[in-house]
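Chains as they are written, first to last, in UniProt numbering: chain C, 1 to 652; chain X, 1 to 174; chain W, 1 to 135.
Accuracy of the hints is not assured; some may be wrong.
What the hints assert, rightly or not - Calculated cross-link-like contacts (lysine to any residue; reagent style SDA-like; alpha-carbon spacing at most 20 Å):
| no. | chain 1 | residue 1 | chain 2 | residue 2 |
| --- | --- | --- | --- | --- |
| 1 | W | K37 | W | G80 |
| 2 | W | K37 | C | W444 |
| 3 | X | K152 | C | G379 |
| 4 | X | K39 | W | R87 |
| 5 | W | K37 | C | F313 |
| 6 | X | K39 | W | K37 |
| 7 | W | K37 | C | A501 |
| 8 | X | K26 | C | M378 |
| 9 | X | K152 | C | I316 |
| 10 | C | K391 | W | L109 |
| 11 | X | K87 | X | V163 |
| 12 | X | K26 | C | Q381 |
| 13 | W | K37 | W | A78 |
| 14 | X | K39 | X | V163 |
| 15 | X | K26 | C | E309 |
| 16 | X | K26 | C | T312 |
| 17 | C | K391 | W | L119 |
| 18 | C | K391 | W | L125 |
| 19 | X | K26 | C | I316 |
| 20 | C | K510 | W | D62 |
| 21 | X | K26 | C | F313 |
| 22 | X | K26 | C | E540 |
Derived from the structure by calculation, the hints contain no laboratory data. This structure is a prediction, so every number in the text was calculated from the model and none was measured.
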Amino acid sequence: MIAEAGLVALWLAAALAAMQLMLAALAVSRNDDTLARAARPVAVVQGGLALLAMAALIRVFLQSDMSVALVVANSHSAKPWLYKFAGAWGNHEGSMLLWVTILGVAGGAVALLERRVAERTLTATLGTQAAIALGFYAFLLFSSNPFARLPNPPSDGQGLNPLLQDPGLAFHPPTLYAGYVGLSVAFSFAVGALITRDVGPAFARAMRPWVLTAWVFLTIGITAGSYWAYYELGWGGWWFWDPVENASLMPWLAATALLHSVSVLATRDGLRAWTVMLAVVAFSMSMLGTFLVRSGILTSVHAFAVDPERGTFILILLSLYIGGALALFATRIGVVRAGNTFELVSREGSLVANNLLLSVILGIVLIGTFYPILAAAMGTQLSVGPPFFEKAAGPIALVLVVVMAAGPLLRWRRDTLGALVRRLTWPIVATGIAAVALVVAAGWFNMLPMLGLALAAGLAVASVAPLAGRNLLRTPLFVYGMVVAHLGIAVSLAGMAASTAFTREVLVAKAIGESATVGPYRVTLRGIRPVIGDNWSALEARLDVQRGDGSTRLLAPQSRFFSNPPTTTSESAILTAFDGQLYTVLGQPDGTGRWQLRFWWKPWVTLIWFGGLLIAGGGALSILGHWLRDRRQKKRAIEAAEAAAHREAWAA
Amino acid sequence: MRRWLLWLPLAVFALAMAFAVRELRKPTDRTVYSAMVGKPLPTFDLPPIVAGKPGLSTADVQGQPRLLNIFASWCVPCIAEAPQLMKLKAMGIPIDAIAIRDTGPAIRQFLARNGDPYTRIGDDRDSQVQLALGSSGVPETFVIDARGVIVKQHVGDIRDDDVADLAAAWRAAR
Amino acid sequence: MIRRLLALVMLALAAPTLAQSRAPADYANVQLPDPAKEAEATALMATLRCLVCQGQAIVDSDADMAGDMRSLVRQRIAAGESADEVRAWLIDRYGDYVTYDPPVSAATLPLWLAPLLLLTFGLWLARASFRRRNK
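Make a model of the complete structure from these sequences and hints.
Below, the structure written as structure tokens:
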């Protein structure tokens, strides 16, 4: 019953999306305000219905309704509550529904809140949103129905992949999807502005909060995903340059470039064509992130071909949206008046450099990710992995760090190199001191992490430098946003470089009672015991961990066995200290009464994710800051208008 | 801005889509094949794993064309291909084997249950010979000619319709 | 108590899957005594692809075959081979698929040139945004 209600809600939402699209198309082509006004409530109701459908799906998962095919394939009644809940989107159909739900809700929010752009541009934007949503609804209803029933329900389900049975699943996909959808709103704005030839600062200001929100969510999603992989996979790695990770990194890179170019367009009316292009690229990347990863084309072409119908559907949708937008771009952007041009040494100049370097990194990641597929089609099997990405993108990223340090210290319009160097004195000194201190303390080691650490020190100083000499209370919140976000990059970079350069790895086989030393810790194996959970059983090692003469702490890494489906996972146990983490994993018995144990001491590794949170926090501050300023300006405008009306009244 | 530049993104995208359509209609075979095909068998000397069946060394494999089956008792597809191996044996084709990461008792049980098509079985306890052969998993079957050169690699379990192919390759290797 | 018993039963049931194959190879999960050689081996293992996994390097894979490959790498490095020699030995057997660091060849030239080409094209494109400074 609930499944049917969900399906009905989905059909109704699809019908409303079609209506929204037609209303918007008519309103824009006839320039009809009445029709345009009608599109807004339709968008709101459509969002509500999508939300209802998602709620219905969550409900059937929570109830373990085994007459629904999706529940059978991805759930099990013995699974803990949280994973039944999150399991609703831990699969293809459910994640598509989650996507379109967030899309619908975001579209509703645009319809409710947006008052800045011209009504006609907004209507075109809502029309584009409806077109995107319609494609997703069609995909769900015709080839990925999450509510399909089974004629002969089995007594129980097949369970969820144990690697996904982690609190990470509850919020990692929704955060990433919120980011992807935010970029789809930016895309809709770009297409709307192209349709009405209205690419200018007002459009940029309307788009900015969506880009920023998307970017904040993507940042959180990637940060959380990285930490999830770090503790779940059991080998201490936090980034693997794996296609799935790259697919989430690419939209982030595009969104980062976009949010900087949007601010150039909003403040200085430049980079018009480029900003629109980036909005299209960012959305394309998020479509790649959603579709091609899910469909498995990246890891194995065969997985993609298992369901050619879905594959075809995906390709048609991609061609319609992205091909359509690019064609629109090519035909319309020439008509848009070229924006302002800039001086090389200026804030704008540094932002152009930022965009250039980020786009090049994006290109490298894109090419590196898809090159093996291309090569395989040409008859060569090859792999592209961490060494390529580090060699190709690493140096460019370090140049980008330098640009990032300099940019905020440059004035808009025009500046001089001499003044810039003067303002960069302290960051340069910090970089130098850090480099010398590193060589003295640790000797000469790996070039890239070394440079990374030194530059991180410089960037940290440079990112707070814009606050120097300012009245801290009167500094706008969005400046703090930038400071915090840039500082976050420095912190994260320091964490990456330090943990890459100084990690200590110890792999041992130990009998009970024996101990090993890793970094500053002494680890003793006290015992191994069986443990049982809701739907798994495990062997748990009890490790006494002591640092110097400090107190002893207990760590309990597990080797877990899941029966539905049968899988073994390693549950690492991690001790977080102020200066790093001790990461412990229990392996297999070696056959002579000893146990394989893996220990890592990872100095400052926590900075990676802490930096990620700072970056996201900076983005949030920036959203808040822009919102407050807009509100203040609006209030001032209203007051001025009232005062003018008052004067007029008196004059009359 | 030059006009062709505006169409460039669309052109790149169209190319990517055309490629995706091609892949969708005719997916590229992405099996990893050994680069050792066409080269002589690497030198190795593996001890026996079950009593009464000799181990396997490079010298044993020369003189007569044969199949070299990489298998393990813990591998499920190996059970699936066992009848096909018996058929090949019945055709008079000598089959040698390398057991990967396995134990004597387990192999004995496996052979008792699924039939024993093998002349010799070498014990490759740490898969070092498997790696030297460029084999990426179990089961795999190599066709070796009389001079000890690898002429063909079959990846995965041998299905019914693969039997004729392998037999033909073996005959051609004579 | 019942939970504890149940746990033991489940472990006993799980044991056959554990005992499927033999204990891991000598150097699969054991480091080389010489820290310099171990560092060289680890750096190499991080760039070698596990052949039976979904896109993992052998250094961070639980697969048995990855363990055997680690053992092979450590033993060869311990015996005095260089990382490049071991990589070449594996490429001879598995082709370029086995290394995450694609060797420069006709097939990978576009890949390795891509960063430079992108940068050049980007600079050329960005030039349009800047005013000519001849005033």
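Checked hints:
no. : hint               : verdict
1   : W:K37 with W:G80   : 9 Å, holds
2   : W:K37 with C:W444  : 18 Å, holds
3   : X:K152 with C:G379 : 18 Å, holds
4   : X:K39 with W:R87   : 19 Å, holds
5   : W:K37 with C:F313  : 52 Å, violated
6   : X:K39 with W:K37   : 31 Å, violated
7   : W:K37 with C:A501  : 17 Å, holds
8   : X:K26 with C:M378  : 13 Å, holds
9   : X:K152 with C:I316 : 40 Å, violated
10  : C:K391 with W:L109 : 14 Å, holds
11  : X:K87 with X:V163  : 8 Å, holds
12  : X:K26 with C:Q381  : 17 Å, holds
13  : W:K37 with W:A78   : 7 Å, holds
14  : X:K39 with X:V163  : 23 Å, violated
15  : X:K26 with C:E309  : 14 Å, holds
16  : X:K26 with C:T312  : 13 Å, holds
17  : C:K391 with W:L119 : 15 Å, holds
18  : C:K391 with W:L125 : 24 Å, violated
19  : X:K26 with C:I316  : 17 Å, holds
20  : C:K510 with W:D62  : 19 Å, holds
21  : X:K26 with C:F313  : 16 Å, holds
22  : X:K26 with C:E540  : 48 Å, violated
Comparing the model with each numbered hint stated earlier shows that hints 5, 6, 9, 14, 18 and 22 do not hold.
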